[in-house]
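Please arrange chain B on chain A, whose structure you already have, making use of the hints.
Protein chains in written order, with my numbering: chain A, 3 to 225; chain B, 734 to 953.
Do not take every clue at face value.
[To be verified] For lysine-lysine, the following BS3-like pairs were computed, each having C-alpha atoms within a straight-line distance of at most 30 Å:
#, chain 1, residue 1, chain 2, residue 2
1, A, Lys141, B, Lys773
2, A, Lys106, B, Lys864
3, B, Lys785, A, Lys81
4, A, Lys55, B, Lys935
5, A, Lys181, B, Lys873
6, B, Lys786, A, Lys134
7, B, Lys937, A, Lys42
8, B, Lys871, A, Lys55
9, A, Lys101, B, Lys903
10, B, Lys864, B, Lys739
11, B, Lys785, B, Lys773
12, B, Lys873, B, Lys929
13, B, Lys935, B, Lys903
[As the list claims (entries may be wrong)] Not everything, but these chain B residues come out facing chain A in the computed CB check (under 8 Å):
#, residue
14, Glu798
15, Glu804
16, Ala824
17, Phe828
18, Ala865
No lab work stands behind these hints, which were simulated from the structure alone.
Here the structure is a predicted model, which is why all the values come from computation and not from measurement.
Where a beta carbon is used, it is the ideal one built from N, C-alpha and C, also for glycine.
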Amino acid sequence: MGEEVKLFRTWSSPFALRIVWALRIKAIEYETVFEDISNKSPSLLQCNPVHGKVPVLLHNGRPIAESLVILEYIDEAWKQAPLLPVDPHERAMARFWAKFGDDKVLGSIWSVFIKQGKEQEEAMVPAMENLKFLEEELKGKKFFGGDTIGFVDLALGWLANLIGLLEEIVGLKVVDGEKLPLLSAWMQEFGDAPIIKDNWPARDRMILKFQALRDATIAAASK
Amino acid sequence: MAEEVKLFGMWASLYSRRIEIALIMKGVQFEFIEEDLQNKCPLLLQCNSIHKKVPVLHNGMPIAESIIILEYIDETWPDNPILPRDPYDRAMARFWARFIDEKLIWVSWDAYSSKEEDQGKAIEEACKQLKALENELKEKEFFGGDTVGYLDIAAIMVASWFGVMQEVMKVELLTEENFPILRQWVEKFVDCPIVKECLPHKEKMVEFTRVLLKDFLASR
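For reference, chain A alone in the conformation it holds in the complex (with noise of 0.2 Å):
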């Protein structure tokens, strides 16, 4: 009897993104749902009722919201292609990079990306703090994962494709290869590797989206 696998997400969603390339390195057959945000289904309230947000990972009727948790899910339920290593401590590093990338990396990219002149200036500090911690992670391996692509490179796996817009956007160079030459190496080879490329979002409607999210935020703040 075959498995249900659904995936709700919407087209941009660098969390649900995750949860996609986790199911096809696993080579396991699913289904999409997308939603549209200002317009949530039914189902995806139903599935999620306490955050309402995409990625939702449904498996035979039963749901996972969170993306970090789906991927832990999945990689329980599904054992080819581990995604997490074997070792307690190295697992316990895995789950820190990624709640790391979570919790301190995104916001302070997001933090450069929104802001302008001297604010955007400072908020470039704790940003280069944090993406340095990543580039000393990466000393010695070619990802995060070690020789192949792993938990914590699906997890800041957003940092390939989002950085590279938000520079091309505001203009300003986030990950220099100078300064950050394991992380922009990172950078080109997770997002060229055959899963990882082949469902990047769009770039020119990101690229459109992202500068009318800086700009309502811009006009926002300025009032």
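Positioned in the frame of chain A, the structure of chain B alone reads:
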């Protein structure tokens, strides 16, 4: 000979208590190193150079972030498991633990600390989130089922912090009237021998919190 397990923590930190409880439940011998948060020791700063916070568990290598440490403990000392076996149940436990740390506490802080004109709405939101957590208990004695598990340990925030904040901020969120099931869980949880042993006295926590928040309280 194996290096001793060390836990860097702080007496009033409920996040540190989470780790203590888990280690004691598993019968792991460890050394507790009390940190002065105004004057953190170099070893702690080395072990958690990124966040510079407690708790940090050191078992040959340092691990930071309390809910990550809890999983590490469960994987390293598998007897008396604190996480369920089934992947879906594990996912639910992780979801709700993150919910407590990333949503419930912040929403509740807003409710405790909001100005009078905004407080009604903030309280309503916090109660909505508390209700969602209470519903997760369902018919069970503990979040972990018949015994204390990972989510109960994570929910120590609910068992302790809410009571402390009620005294300090003079706002009650976790009322008997609205949350009879969650209140019942709190009573059972704090009554467990290991939890009782680890939780500092409420009066001490209240005093500590009053001092911590003294500038905030003075500005109101």
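Results of checking the hints against the structure:
no. : hint                : result
1   : Lys141/A x Lys773/B : holds (28 Å)
2   : Lys106/A x Lys864/B : holds (29 Å)
3   : Lys785/B x Lys81/A  : violated (35 Å)
4   : Lys55/A x Lys935/B  : violated (37 Å)
5   : Lys181/A x Lys873/B : violated (54 Å)
6   : Lys786/B x Lys134/A : holds (19 Å)
7   : Lys937/B x Lys42/A  : violated (47 Å)
8   : Lys871/B x Lys55/A  : holds (24 Å)
9   : Lys101/A x Lys903/B : violated (34 Å)
10  : Lys864/B x Lys739/B : violated (37 Å)
11  : Lys785/B x Lys773/B : holds (8 Å)
12  : Lys873/B x Lys929/B : holds (21 Å)
13  : Lys935/B x Lys903/B : holds (15 Å)
14  : Glu798              : holds (6 Å)
15  : Glu804              : holds (7 Å)
16  : Ala824              : holds (4 Å)
17  : Phe828              : holds (5 Å)
18  : Ala865              : holds (5 Å)
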